[in-house]
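Novice: Sequence:
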Amino acid sequence: MKKDFLNFLGIAVRAGKIISGTELTLQGVRDNTVKLVIIASDCSDRTKKEISNKTDFYKVPLNASFTSQELKKSIGKDRKVMGITDLGIARRLNEIMEK
Numbered sequence: 001m002k003k004d005f006l007n008f009l010g011i012a013v014r015a016g017k018i019i020s021g022t023e024l025t026l027q028g029v030r031d032n033t034v035k036l037v038i039i040a041s042d043c044s045d046r047t048k049k050e051i052s053n054k055t056d057f058y059k060v061p062l063n064a065s066f067t068s069q070e071l072k073k074s075i076g077k078d079r080k081v082m083g084i085t086d087l088g089i090a091r092r093l094n095e096i097m098e099k
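Residue numbers for the sequence shown follow the UniProt record's numbering, so the first one is 1 and each next one is one higher.
Derived by calculation from the structure, the hints in this document are not laboratory data. Think of the CB as a built atom: it goes at the ideal place given N, C-alpha and C, for glycine as much as any other residue.
Below, in silico cross-link-like pairs of lysine-lysine (DSS-like), each with a Cα-Cα straight-line distance of 30 Å or less: (1) Lys77 with Lys49; (2) Lys77 with Lys17; (3) Lys73 with Lys49; (4) Lys99 with Lys59.
Each pair of labels, with its calculated beta carbon distance range: (5) Ile11 with Arg46: 24 to 32 Å; (6) Asp45 with Ile11: 26 to 34 Å; (7) Arg46 with Lys99: 30 to 38 Å; (8) Gly88 with Lys49: 28 to 36 Å; (9) Glu23 with Met1: 24 to 32 Å; (10) Lys49 with Arg14: 27 to 35 Å; (11) Lys49 with Leu24: 12 to 20 Å.
Use the sequences and the hints to build the structure in full.
Specialist: Written as structure tokens, this is what we have:
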């Protein structure tokens, strides 16, 4: 399951359907362009709270199942927060996590 999720996340990056970084992701959540937020499980408590509050308010799904190392290996960048901008990709990633 984790491997499938991370592999599909890599495909989403190559397709250009991901924005990364806390500020860009939060802006995407506010603008309703982000359909799924992925946050590293080992990021700071402040960042987790900030992202969680926004995703709860705007009703955007949040996934915190992976460490920053796992995400870095998958997307090729050292990012702790990222947003999926494509609804189809976001749905597929959610389906993979539900397995």
